[in-house]
Amino acid sequence: MSTTTQEVGFVSPKTGARWIPVIGLEVHCQLKTWTKLFCGCRNEFGAPPNSLTCPVCTAQPGALPVLNREALDLALRTAIALGAEVAPRSKFDRKNYFYCDLPKGYQISQYDQPYCKGGGITLASGKRVRLTRIHLEEDAGKAIHDRGTTTLVDLNRAGVPLIESVSEADMQSSQEAGEYLDALKELLQYVGASDCDMEKGSLRCDVNISVHPPDEPWRTKVELKNLNSFKNVQAAIEFEIRRQVEAYESGDAAQRPVQETRLFDAVAGVTRSMRRKEDAHDYRYFPEPDLPPITIASEMLERQRALLPELPAARRERYQKSFGLSAYDAGVLTADRALADFFETVVRLSSKPKEAANLITNQLLRNLKDPELPASSIDELPFRAHDIAVLIQLIESGAISGQAGGKVLRAMFQTGQSPKDLVASLGLEQVNDSAALEGWCREALVGKDKIIADVKAGKTKAVGALVGPVMKASKGSANPQVVQEILLRLISEGP
Amino acid sequence: MSRALPIQDACAQAAAFRRGESSAEQNVRDAFDRIDALDGSLNAFAVLERERALALAAAIDRDRANGIAAGALAGVPVALKANMCWEGVEAHCGSRILAGYRPPYTATFVRRLLDAGAIPLGMTNMDEFAMGSSGENSAFGIARNPWDKSRTPGGSSSGSAAAVASGMVALALGSDTGGSVRQPAAFCGIAGFKPTYGRVSRYGLIAFGSSLDQVSPFARSVRDIELAMHVISGVDSFDSTTAQLPPLEADPSDADLKGLRIGLPREYFPNGLSDSVRAVLEAAKQKLAALGAELVEVSLPHTPYAIPTYYVVATAEASSNLARYDGIRYGKRVEGDGTLQGMFAATRAAGFGAEVQRRILLGTYVLSSGYYDAWYNRALRVRRLLRQDFDLAFEKVDLIVGPTTPTPAFRIGEKTSDPVAMYLSDVMTAPTSLAGLPGISIPCGFVEESGASLPLGMQIIGPALGDTRVLRAARVFEAATDHHARRPDLKPLEHARA
Numbered sequence: 000m001s002t003t004t005q006e007v008g009f010v011s012p013k014t015g016a017r018w019i020p021v022i023g024l025e026v027h028c029q030l031k032t033w034t035k036l037f038c039g040c041r042n043e044f045g046a047p048p049n050s051l052t053c054p055v056c057t058a059q060p061g062a063l064p065v066l067n068r069e070a071l072d073l074a075l076r077t078a079i080a081l082g083a084e085v086a087p088r089s090k091f092d093r094k095n096y097f098y099c100d101l102p103k104g105y106q107i108s109q110y111d112q113p114y115c116k117g118g119g120i121t122l123a124s125g126k127r128v129r130l131t132r133i134h135l136e137e138d139a140g141k142a143i144h145d146r147g148t149t150t151l152v153d154l155n156r157a158g159v160p161l162i163e164s165v166s167e168a169d170m171q172s173s174q175e176a177g178e179y180l181d182a183l184k185e186l187l188q189y190v191g192a193s194d195c196d197m198e199k200g201s202l203r204c205d206v207n208i209s210v211h212p213p214d215e216p217w218r219t220k221v222e223l224k225n226l227n228s229f230k231n232v233q234a235a236i237e238f239e240i241r242r243q244v245e246a247y248e249s250g251d252a253a254q255r256p257v258q259e260t261r262l263f264d265a266v267a268g269v270t271r272s273m274r275r276k277e278d279a280h281d282y283r284y285f286p287e288p289d290l291p292p293i294t295i296a297s298e299m300l301e302r303q304r305a306l307l308p309e310l311p312a313a314r315r316e317r318y319q320k321s322f323g324l325s326a327y328d329a330g331v332l333t334a335d336r337a338l339a340d341f342f343e344t345v346v347r348l349s350s351k352p353k354e355a356a357n358l359i360t361n362q363l364l365r366n367l368k369d370p371e372l373p374a375s376s377i378d379e380l381p382f383r384a385h386d387i388a389v390l391i392q393l394i395e396s397g398a399i400s401g402q403a404g405g406k407v408l409r410a411m412f413q414t415g416q417s418p419k420d421l422v423a424s425l426g427l428e429q430v431n432d433s434a435a436l437e438g439w440c441r442e443a444l445v446g447k448d449k450i451i452a453d454v455k456a457g458k459t460k461a462v463g464a465l466v467g468p469v470m471k472a473s474k475g476s477a478n479p480q481v482v483q484e485i486l487l488r489l490i491s492e493g494p
Numbered sequence: 000m001s002r003a004l005p006i007q008d009a010c011a012q013a014a015a016f017r018r019g020e021s022s023a024e025q026n027v028r029d030a031f032d033r034i035d036a037l038d039g040s041l042n043a044f045a046v047l048e049r050e051r052a053l054a055l056a057a058a059i060d061r062d063r064a065n066g067i068a069a070g071a072l073a074g075v076p077v078a079l080k081a082n083m084c085w086e087g088v089e090a091h092c093g094s095r096i097l098a099g100y101r102p103p104y105t106a107t108f109v110r111r112l113l114d115a116g117a118i119p120l121g122m123t124n125m126d127e128f129a130m131g132s133s134g135e136n137s138a139f140g141i142a143r144n145p146w147d148k149s150r151t152p153g154g155s156s157s158g159s160a161a162a163v164a165s166g167m168v169a170l171a172l173g174s175d176t177g178g179s180v181r182q183p184a185a186f187c188g189i190a191g192f193k194p195t196y197g198r199v200s201r202y203g204l205i206a207f208g209s210s211l212d213q214v215s216p217f218a219r220s221v222r223d224i225e226l227a228m229h230v231i232s233g234v235d236s237f238d239s240t241t242a243q244l245p246p247l248e249a250d251p252s253d254a255d256l257k258g259l260r261i262g263l264p265r266e267y268f269p270n271g272l273s274d275s276v277r278a279v280l281e282a283a284k285q286k287l288a289a290l291g292a293e294l295v296e297v298s299l300p301h302t303p304y305a306i307p308t309y310y311v312v313a314t315a316e317a318s319s320n321l322a323r324y325d326g327i328r329y330g331k332r333v334e335g336d337g338t339l340q341g342m343f344a345a346t347r348a349a350g351f352g353a354e355v356q357r358r359i360l361l362g363t364y365v366l367s368s369g370y371y372d373a374w375y376n377r378a379l380r381v382r383r384l385l386r387q388d389f390d391l392a393f394e395k396v397d398l399i400v401g402p403t404t405p406t407p408a409f410r411i412g413e414k415t416s417d418p419v420a421m422y423l424s425d426v427m428t429a430p431t432s433l434a435g436l437p438g439i440s441i442p443c444g445f446v447e448e449s450g451a452s453l454p455l456g457m458q459i460i461g462p463a464l465g466d467t468r469v470l471r472a473a474r475v476f477e478a479a480t481d482h483h484a485r486r487p488d489l490k491p492l493e494h495a496r497a
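Heads up: the sequence lines are chains A and B, in that order. Using numbering that gives the first Met the number 0, the first residue of the first sequence is number 0, and each one after it goes up by one. Using numbering that gives the first Met the number 0, the first residue of the second sequence is number 0, and each one after it goes up by one.
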């Protein structure tokens with residue numbers, strides 16, 4: 000898996016030359032606070048347009064911002080989780096520009112003194128992607144342009160707290176960018192800072208990208224915007240690497256990449272120039288006079304540190320060490336904090352970590368992905384971790400077969416009933432009664448002389464072919480282990 | 000008319016109401032009578048809220064009849080400046096762009112006035128967005144000085160000053176950014192107090208220069224100022240820049256000024272002062288000394304840089320504060336060429352007056368990439384030096400005293416063609432604003448100018464949060480003089496009630 004230095008980069012299909020992409024990401028995440036960053040309006044997605052607004056977030060004359068402490072707490076927790084350095088003193092600035100979704104005509108952001116610097120994320124490959132900074136700012140409203148000549152403005156989003164994480168240009172491929180985004184998202188979800196749901200716009204990502212030949216200095220970077228899924232981020236990066244390499248290799252000076260902002264067109268799969276550097280806004284940043292500087296006392300930081308959950312990397316290691324899980328299973332279980340918490344509750348109640356991991360990573364997750372079932376996330380499960388522990392108990396004690404366990408689980412998704420009730424109502428109790436089993440087994444042996452001969456000749460595995468029909472006859476309620484034993488006994492006893 | 004004039008001060012009105020000697024409704028009717036009689040020629044009020052005021056008055060009278068304790072300003076009619084938010088009442092800020100704008104919420108200081116039983120009668124005329132020193136930048140007509148109607152009442156809180164000086168109301172609120180209350184108070188012969196920055200909440204004051212703006216009361220007596228300050232000041236959870244302090248309490252000792260060291264800044268007594276102004280100031284100094292104060296000459300060496308610094312800081316903040324007037328959510332909209340940017344440009348070109356446009360351009364320029372360090376950043380450094388001037392002076396003295404303005408009220412039209420000459424009328428008030436310090440202007444004498452007797456103001460400046468000290472000294476000086484008791488000779492209009 001490990002990439003050697005020779006493999007790094009992009010090989011031009013035309014010339015065979017190797018190019019090194021240089022990629023940095025700017026990620027905006029909405030913080031999951033109860034209220035907006037500077038007013039008391041609810042921070043909520045999907046409410047009727049302009050229903051979550053007040054004099055402050057609609058920029059009525061004379062209204063003033065007041066910092067939401069919860070947002071600062073979540074921002075601090077994120078900084079700690081990313082191993083970043085929190086500034087004891089930072090400030091807000093105004094970023095001035097005109098747009099219909101920006102009520103004040105400026106965004107309150109942080110310019111030259113962000114609350115947080117440094118930190119980083121270690122990718123699965125072991126590669127470290129450093130963070131330059133994280134800052135706290137407010138979101139703008141939403142302009143809706145799809146109503147003919149009229150543009151509608153919804154200010155529900157105006158003033159929702161955001162943190163913008165700016166990475167160093169440490170990534171060299173779309174795959175690394177994808178891994179970085181996955182890890183960042185996982186961490187933000189873990190610390191409870193953000194939902195990171197790109198569809199709802201609670202996570203947004205811009206890319207800075209350039210390419211250069213090995214052992215040469217970095218070249219002009221291009222900014223990519225309008226990337227509304229992780230898939231699009233990767234697709235845009237791949238397109239842009241090819242575009243820039245082709246442009247340089249064409250030798251045509253007019254085609255050389257210039258410093259500009261390009262928009263990704265997901266349908267066409269291409270990036271298109273939006274504005275050149277010369278047209279860049281002059282945001283006229285200056286210190287926000289309506290808000291005093293932010294001072295972070297060390298006790299504040301310690302309080303947030305204490306509230307931090309065990310982070311994914313630490314959890315993965317513990318699952319492998321204490322529970323003996325594979326790296327893969329540990330990874331799957333910790334990818335979502337709610338799932339990992341659920342798993343650990345099941346383990347606590349059942350004392351069967353491996354069995355719990357198998358059931359959850361195989362069957363439970365498959366059912367979650369099934370569009371015919373109502374639950375699509377752990378939070379929506381119609382049953383509790385306790386029910387899964389009981390189900391494991393039923394399987395492990397031999398009361399039901401593993402196969403029947405799968406049916407019970409699916410029925411739990413559908414009905415929310417307890418596994419014991421479902422085993423009874425579905426008639427899935429494993430039949431260990433030898434009289435009934437023996438009857439089914441004798442029927443299965445009729446006319447199977449070849450198999451009987453093979454078994455007698457010592458190929459005991461051949462009996463496996465007869466277990467299926469018996470299971471079928473028992474409608475799945477037979478214990479396959481016992482069935483096999485009976486079949487072998489009957490064959491050895493002879494007709 | 001005899002019934003409506005002369006007006007009592009707010010303390011006396013509140014006391015009479017509490018004693019049951021007057022009704023809020025009668026107070027309000029009397030005030031509207033005075034306004035009807037006088038405002039045709041003074042143009043102090045831009046918006047009158049008769050029904051609302053009478054309804055408030057009726058409720059306050061009812062409360063008293065029901066034995067509910069009266070608030071500190073119960074039954075007292077007051078005036079608000081047109082840049083103050085009172086839910087549902089037009090706050091046009093003297094600007095076409097906000098004509099007809101009715102805020103959906105009430106400012107903290109207006110809420111506090113209402114809770115204390117004060118009755119706002121309406122909104123007063125002002126320079127557009129508080130940018131001006133004469134009231135001439137109002138889009139809704141020019142307010143006039145009650146002492147000489149050919150002269151300006153000063154600005155930008157022109158209407159509030161004229162309303163108090165003419166006796167329409169005893170108490171009015173203005174806002175002071177670089178002198179917009181102290182200068183008109185001086186021009187109109189009344190008291191105007193700019194508190195320490197952060198002493199009064201700005202929530203609901205339509206912003207001009209956020210780091211300078213401060214709600215500031217006008218009255219004809221210092222004790223009225225103290226009463227108003229007690230009502231409106233104090234920490235507000237809706238304004239993060241308010242000082243974490245309870246409402247201001249007056250210092251009741253009023254015998255004399257013994258033990259006080261008063262600094263007279265050399266820079267506030269320049270050679271350019273006229274002989275008559277100089278004579279008034281000399282008499283005021285002697286009065287302060289007679290009251291027991293020790294007068295000490297001090298220096299505030301960076302004073303000459305205050306006006307340029309002020310016009311960089313205030314315009315920078317204004318360029319950003321006024322960006323919200325884009326025609327999208329409220330106020331005037333002009334569609335322009337049909338594009339979004341075209342609509343912004345057309346709306347703002349039609350909605351803002353010349354002075355506001357000039358200051359937005361200036362403020363945009365000083366914040367622009369490439370100019371920021373030379374202008375905005377340098378202004379912030381000079382602002383620190385100005386603050387340091389005061390810090391050093393206050394190591395030696397308790398208060399600083401000087402003229403509020405170098406001249407009495409100038410004529411309407413006199414300075415409109417020369418913005419810089421207009422800006423210089425803030426030369427003695429802007430430094431205090433930049434330093435965030437409390438300052439009061441009180442009448443200290445009169446000068447005769449072409450047949451008119453014009454009041455002159457004395458400014459008393461205190462260290463940060465030294466508001467109580469400033470007000471006590473002003474009250475002691477006022478008690479020992481009679482300048483504040485002089486009234487302009489106003490001929491009411493004929494339709495006034497007999």
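These are calculated hints, taken from the structure and not from any lab test. Don't take every hint at face value.
The calculated DSS-like cross-link candidates involving lysine-lysine, where the alpha carbons are at most 30 Å apart (straight line), are [as the list claims (entries may be wrong)]: (1) Lys284(B) with Lys94(A); (2) Lys126(A) with Lys116(A); (3) Lys141(A) with Lys331(B).
Short, incomplete list of chain A residues facing chain B, as computed with Cβ under 10 Å [stated by the list, open to error]: (4) Val55; (5) Thr57; (6) Gln59; (7) Leu63; (8) Thr148; (9) Asp153; (10) Tyr247; (11) Phe285; (12) Leu290; (13) Ala337; (14) Leu338; (15) Gly426; (16) Val445; (17) Lys447.
Cβ coordinates follow ideal geometry from the N, Cα and C atoms, glycine included.
Hints and how they fare:
no., hint, verdict
1, Lys284(B) with Lys94(A), "49 Å, violated"
2, Lys126(A) with Lys116(A), "19 Å, holds"
3, Lys141(A) with Lys331(B), "22 Å, holds"
4, Val55, "9 Å, holds"
5, Thr57, "6 Å, holds"
6, Gln59, "6 Å, holds"
7, Leu63, "5 Å, holds"
8, Thr148, "8 Å, holds"
9, Asp153, "12 Å, violated"
10, Tyr247, "30 Å, violated"
11, Phe285, "6 Å, holds"
12, Leu290, "5 Å, holds"
13, Ala337, "35 Å, violated"
14, Leu338, "40 Å, violated"
15, Gly426, "65 Å, violated"
16, Val445, "84 Å, violated"
17, Lys447, "81 Å, violated"
Violated hints, in rising order: 1, 9, 10, 13, 14, 15, 16 and 17; the structure is consistent with all others.
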